[in-house]
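FYI, in the working numbering the residues of the sequence shown are 711 to 1062.
Quick caveat, the hints were computed from the structure, so don't treat them as lab data.
Careful, some of the hints might be misleading.
[Said to hold, decoys possible] Straight-line Cα separation of at most 25 Å, DSS-like style, residue types lysine-lysine; simulated pairs: (1) 832 to 935; (2) 918 to 873; (3) 873 to 935; (4) 958 to 935; (5) 831 to 789; (6) 750 to 789; (7) 831 to 935; (8) 1024 to 789; (9) 769 to 935; (10) 935 to 1024.
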Amino acid sequence: MESMMQEYMNPHSSINHRQKDMKSVAAAIRLYYYFLTRKKLPSCLPPAQNKSIECHVDKYVSYLAQVAGLTEASMQSRKNYITRFLYYAFGEQEISPFTLSVETVQAFLATELQHLRPTSKKSVIGIIRSYFRYLQFIGIEVDAGVLMIPLSVPVWRLSSVPKTVGLDEINRIHASYDRNTVVGIRDYAIVMCFTELGLRAMEVAHIKLDDVNWREGTVLIRNTKTHQDRVLPLSQRIGEALVEYATKARPETSDRTLFVRFSHHRGEAMGREQIRGTIRRAYARAGMPSTMTGTHILRHSKAKELYQQGSSLKIIADILGHASIDTTVIYTKVDRNALQCVTCPWPEVAHD
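Starting from the given sequences, assemble the full structure and let the hints guide the process.
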């Protein structure tokens, strides 16, 4: 049992890919082991790094940044999958990309994709295929069969309906913050960035003090997914929340990032995961379902609100920072009242 638990927490193990936050999972496993044995789970030795793989992956990430122009989040996701794939293929052996075969890729995907949804399967396969195109780009001959692997089962674009919450749920989330504390003031300002502006978590984390134009009542959103900056107006509610945070709660620090930490590494910028953590805790306090964990549901809810208020798809696309209006079309599905107006009556069948 001890060895199984250590293997599960091994960062290069093929069985831990389903976990989004292995730190919390590892803590739970250690507590469970102590509950069973009344002993501490021995710390597993960190796996020996394969320097040839690490060096190769670093060059791949540089390519993603300098040639492909991907965002930090996209690069990290690709780095994680390709690192696992290369350790699966070579282990501690010297890396030799030209020996990678379609059989190796298929065996890796067979274990990697077991518990993923169709859209996630498609993403992982796409990452593997793009890596092999990178190998071609740097002059390495690859197994042509890899580039012919199907992108999993058909995933019909715009087939799903975005998950949203209503005004009552939004108000419960807002009311869950204790604004008598500096943490409550800060976290309330964070959630307003989601519910009032429909921002992404990465965008909230990257807001600088200098990006807020207090005189004109606007905020400049940089480092977006589409690499295009946009200026958004601040409503009175979010403006007041930001002023309260900046004047009453934000600690003195040389960091110009708007939202900073209060405890560990006090005064340093909050990362994307810290931003998400404040929202997850608010969901729990507000009594939201345990399945509701992400911040995108608040972004979807803002888009739904704008559409129901009569905003055009072009305006919504500009506010959300979509590269194409085609991405915004999916929000027409969430306005059920409007959809009912275009539905056809079910034909009646005459019975003898």
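Contradicted hints - numbers only: 2, 4, 6, 8
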